[in-house]
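J.: Now for the letters of each chain:
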Amino acid sequence: MKPHVRPAKTTPRQLSWGARIVVLVPYLWLVLFFLLPFAIVLKISFSQTAIAQPPYTPVFDPAAGWEGIKTFFGALSSDNYALIASDPLYFFSYLKSMEIAAVSTVLLMLIGFPMAYGMARAPSRWQPVLFMLVMLPFWTSFLIRVYAWINILQHDGLLNQLLLALRLVEAPPAWLASDTAVYIGMVYSYLPFMVLPLYATLEKMDETLIEAAADLGAPRWKAFWLVTLPLSMPGIIAGALLCFIPIVGEFVIPDLLGGSRSIMIGQTVWTEFFLNKDWPVACAVAVVLLCVLLAPILVYQRMQTRDLAGSA
Amino acid sequence: MRKASWLNVVSVALGLAFLYLPIVILVINSFNASRLVTVWAGWSLRWYAELASDRAMLEAAWVTLRLALFSASAATVLGTLAAVALVRFGHFRGRLLLSGMIYAPLVMPEVIIGLSLLLLFVAAGIDRGFWTVALAHSTLTMCFVTVIVQSRLLTFDTSLEEAALDLGCPPLKTFFTVTLPLILPAIASGWMLAFTLSLDDLVIASFTTGPGATTLPIRIYSEVRLGVKPEINAICTLMLAVVAVAVIAVSLVIKFQESAHRPGTVAARI
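Note that the protein sequences, when read in sequence, are chains G and H.
With the numbering used here, the residue at position 227 of the first sequence is 227, and numbering never jumps.
With the numbering used here, the residue at position 190 of the second sequence is 190, and numbering never jumps.
Since the hints were derived computationally from the structure, they do not count as laboratory data.
The beta carbon of each residue, even a glycine, is placed where N, CA and C say it ideally should be.
Take these hints with a grain of salt, some might be off.
[Said to hold, decoys possible] Some chain H residues well away from chain G (every beta-carbon gap over 10 Å; in silico):
#	residue
1	Gly42
2	Leu58
3	Ala61
4	Trp62
5	Trp131
6	Thr139
7	Ser206
8	Gly212
9	Arg225
10	Phe256
[Stated by the list, open to error] Label pairs and their calculated CB-CB ranges:
#	chain 1	residue 1	chain 2	residue 2	range
11	G	Pro230	H	Leu154	18 to 28 Å
12	G	Leu229	H	Ile126	31 to 41 Å
13	G	Pro173	H	Ser34	38 to 48 Å
[Unchecked claim] To give an idea of the chain G side of the interface with chain H (calculated C-beta under 10 Å), a few residues:
#	residue
14	Phe34
15	Leu136
16	Gln304
Only chain G is shown next, with the shape it has when bound in the complex (with noise of 0.2 Å):
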């Protein structure tokens, strides 16, 4: 063992025995129990469908050697990715996620924005006490949430109740099990995610700029545009991925307040597990939701490992 120097960040640091324990033990516990299953979903979703209960053909054996990774990979099939290919029913749901987590995204965006902008610029006293009251929702279950909404959507429900009450409609409109619903639902639920990271960038913001350019003679809409629109930018974009990215594989909301006609990709891969029993196309519905969401993701984890590195 070497002294316990320490050498230039650049270079792979050799750790120290209590040090190699302290990352073993978390690195060893993630690679068991999310990069290992990972490889099994992968696996699964390559296996053949007819069997539907494990243990999934090909099975791999290690003891056989070269001839049995050979004989593994040649019964690999690719029946799960033709069906999904084949079958409408599959693509319009990805679609269908797609176009609400868009859609979801830029409604959150057009009302988390005015929102995070008066909070950062509330007087400073107050601005912990609606940091937490934005906080306090995103602790409380998102099952609760959603159903706090059918309470108010039902048939009989509070919103239909003051509808009819102020005579804005003549028969009270079906809200539950309809887009709306899952729009409503979707914002309600995402809008801390939303919220909180757009406010880290506008609380930190230097007022002068503004002041500078409506000095300059700028009307407050182009300084506006121009000054406080960019440099919220990296908020702005955190904000739209922590959203957009679980809000695609989203699975309690679309349950409980979408119809049956739009069915979500989370939801899909519910139905085949649960009610169909077929693990593989699971699997495979999970691994092609998987490489749509890849790239998100990995923006995602590029600007939290910069935003790390750039406050260290």
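Position chain H relative to chain G; hints supplied.
T.: Showing chain H alone in chain G's frame:
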């Protein structure tokens, strides 16, 4: 003093109203004496009384609570270790993979995490039940703990640690006497977040659970699919109350910790 324009005040007020009104309505409805949740028949604790005699619901609540306590504690230990590794050990080999495995679960759709963990348990031939859900929850929530503790470690004055090391304090003792007290508020909020995430999770628990380990969200979900029921309003209100009390308690502890551990007092301890 910043001036608050009316536009800013209105947008914040509307936003907060949007966030809180549905929850307030839910809570008020849970005290409604009428079985029909849409008709107000006066205040009553009737549904709470019915809840208290619902054996299956109580059983689920007990399972959920034990699960959240265990997985939050495991996640806090694992997450703190990972945070220390990422912040303090520079560029060790495999650091990129570790940080990737920490950030990915934060945004990964829950159906994928749940499905993949279930298949791991099936492949390993482990009977599903309480412990499989506990493992799944620990894995997901440790990543949240890491992010919280990591951001605290990054804004932390390393000269205190270096002073202890220079004065001959062994690294492990330095960690427990200097670092740990300083990052304790972050660890506490990490634990808290892990606890509530485990308490609330439906999707991952549904995939990884087995006989005898029905959690409260799973039970609520199966009831909610059949429509709005006053008992569900009551149990949801109770869950909201548990989370609110816990969050407030932890923020008070953090406040207390922060005032008790000014840098001066830590330096005096070494």
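J.: Compare the structure with the hints numbered earlier in the document and write down the numbers of the violated ones, lowest to highest.
T.: 6, 7, 9, 12 and 13
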